[in-house]
Each structure stands twice: as C-alpha cells, then as structure tokens.
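Trainee: Sequence:
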Amino acid sequence: MVSNTSKGRSVKSRKFLEAVGNPTRLLILAILLDGEISVNALSEKLGFPYTQSALSQHLAKLRRAGLVDTRRDGHSIYCSCDSSAVRRLFTFLEETFGEVRSDRRRARAS
1 MVSNTSKGRS VKSRKFLEAV GNPTRLLILA ILLDGEISVN ALSEKLGFPY
51 TQSALSQHLA KLRRAGLVDT RRDGHSIYCS CDSSAVRRLF TFLEETFGEV
101 RSDRRRARAS
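For the record, in the sequence shown the residue sitting at position 49 is 49 according to the numbering used here, with numbers rising by one throughout.
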C-alpha cells in the first residue's frame, strides 16, 4: 500500500514536471535564475510573439508550482526564481545536453 507521504511526493513531482515540461516556461526559468526581472523586461528578453496574457499564464503556472515568486512595485510586477530544485534541474540539463546554457545566453543578449 502506498503511503500518504508517497502520494504527496508524487503529486509534487507531477506538478513540478508539468511546470518545467513546457519549452517556454523552461526558458522563463532559465532567465529568472539570473535574478529578479520585471514582467515587461522578461517579455522583451524572450522576444515573445505572445500577448501579455500568455506570459502571465505561464508565470501563473510556475507560481502555482512554487517555482516563481512575484512582487508588485507600483505598476510593475517583478518575478524571480530562487528554487534549489530548478537550479539542480538546470545543472542536470546542462551536464546532460549542454545546450541549455547557450539558450539562456541568447535570451539574455536580446
């Protein structure tokens, strides 16, 4: 019989994987690992063809998974990622696939 603790971990794992399993959200997290940024600046860095609403939906999914924090300062909203699980994920991805870091550099340069 599976314990409630195991079920709880399974749900947390599923939420984490659903959140990071989208290429757009993965790139958002990669940028946020470099530090806090306003939603407008994040949108510019990503070069989003999406509406502000689409970006907000991605950020909301990351917030619900506990991977992104947001704060409001006047009319601006700032977001950040201080998740050790996300940092470990990117370390794994970079060691395994090697291309995540170059994707982050391209997004930061724009």
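Accuracy of the hints is not assured; some may be wrong.
[Stated by the list, open to error] Taking lysine-lysine pairs in the DSSO-like style, the calculated list, with each CA pair at most 27 Å apart, reads: (1) Lys61 with Lys45; (2) Lys15 with Lys61; (3) Lys61 with Lys12; (4) Lys61 with Lys7; (5) Lys45 with Lys7.
These aren't lab readings, by the way, just hints derived from the structure by calculation.
Trainee: Determine for every hint whether it applies to the structure shown.
Mentor: Right, here's what the structure says about each hint:
1. Lys61 with Lys45: Holds, at about 19 Å.
2. Lys15 with Lys61: Measuring from Cα to Cα gives roughly 9 Å; hence the hint holds.
3. Lys61 with Lys12: Within the cut-off at roughly 13 Å; holds.
4. Lys61 with Lys7: OK: Lys61 and Lys7 at ~21 Å, within 27 Å.
5. Lys45 with Lys7: violated (38 Å)
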